[in-house]
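Q: So the chains spell out like this:
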Amino acid sequence: MTTNKMKKLVLLSAFLLAGCATIDQAIEAYEMKFDSNQYQLITDIRTLSSIAKNNCGDIAQSKAVSVDVSIKSLTLMNYAEHNPHNSTIQKSSIELNSMVQDLSDKYKAGAVSPIFCKIKFQNIEQAANTMQQIEGSKPK
Amino acid sequence: MNDIQQIQQTLAQTGLGAANQINKYVTMCVNGELSVAECKSLVLDIQRQLNIDDQLVDQDHLNTINTAINALIDIANAVG
Numbered sequence: 001m002t003t004n005k006m007k008k009l010v011l012l013s014a015f016l017l018a019g020c021a022t023i024d025q026a027i028e029a030y031e032m033k034f035d036s037n038q039y040q041l042i043t044d045i046r047t048l049s050s051i052a053k054n055n056c057g058d059i060a061q062s063k064a065v066s067v068d069v070s071i072k073s074l075t076l077m078n079y080a081e082h083n084p085h086n087s088t089i090q091k092s093s094i095e096l097n098s099m100v101q102d103l104s105d106k107y108k109a110g111a112v113s114p115i116f117c118k119i120k121f122q123n124i125e126q127a128a129n130t131m132q133q134i135e136g137s138k139p140k
Numbered sequence: 141m142n143d144i145q146q147i148q149q150t151l152a153q154t155g156l157g158a159a160n161q162i163n164k165y166v167t168m169c170v171n172g173e174l175s176v177a178e179c180k181s182l183v184l185d186i187q188r189q190l191n192i193d194d195q196l197v198d199q200d201h202l203n204t205i206n207t208a209i210n211a212l213i214d215i216a217n218a219v220g
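Here the protein sequences line up with chains A and B, keeping their order.
Anchor point for the first sequence: position 99 equals 99 in the working numbering, and the numbering is continuous, going up by one each time.
Heads up: take any position in the second sequence, counting from 1, add 140, and you land on the working numbering.
These are computed hints drawn from the structure, not numbers from a lab.
Don't take each hint at face value.
Simulated crosslink set (DSS-like; lysine-lysine; CA at most 30 Å straight-line) [said to hold, decoys possible]:
| no. | chain 1 | residue 1 | chain 2 | residue 2 |
| --- | --- | --- | --- | --- |
| 1 | A | K108 | A | K118 |
| 2 | A | K118 | B | K164 |
| 3 | A | K138 | A | K33 |
| 4 | B | K164 | A | K63 |
| 5 | A | K138 | B | K164 |
Given the structure is predicted, the values throughout are model-derived calculations rather than measurements.
Working from the sequences, and respecting the hints, build out all of it.
A: Following this line, the structure appears as structure tokens:
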């Protein structure tokens, strides 16, 4: 059997076993790999947010962290964009970036209450935690 | 019962964590603990989190939550 035929057979098996709705999903399920750079960026966003949520009384510090997190989030989104077989993190990073940029924009506008800051960083932390699970479950 | 209370009741009936979270934010907004803009931002966060992990809830509940969120955002936009 040729290598091409074998690859097609493996893809067909992956398609059937994974219950994929499309052949594209089957190809992605077969080809996707854990990406340590992506995982690191997600971890940084989660860690910064988990610290920041407890320091919302210090507005200057929270604002500075929101800028750091927004740079990391934008980097993640740009990194993921053309990373092949990576559609889940591509879509997730866009959603995460919306959450992060929203906080950053509110700090730029100068109106962020400590309670909003705390909940917002919690939401970002939770979203990043979910994304870690998605990235972490990919084959190494 | 006003529009917001009706939406909160619909969300509560789903029994989902995401729906309870939305209701919590809306109540905080109604009580003045959060501004309308802050409340809108946090409610949208729930929608974003559901988009990140769309395995969390089934499609019927997802539709209910998204409809409720859109209705709440319309109310928030009308308020200002």
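Q: Give a verdict on every hint.
A: Hint check:
1. A:K108 <-> A:K118: holds, 17 Å
2. A:K118 <-> B:K164: Given pair K118 (chain A), K164 (chain B) holds - Cα atoms ~14 Å apart, limit 30 Å.
3. A:K138 <-> A:K33: It holds: about 6 Å lies between the C-alpha atoms, which stays within 30 Å.
4. B:K164 <-> A:K63: This hinted pair holds, its Cα atoms lying about 25 Å apart.
5. A:K138 <-> B:K164: violated, 34 Å
Checked against the numbered hints given earlier, the structure breaks only hint 5 and satisfies all the rest.
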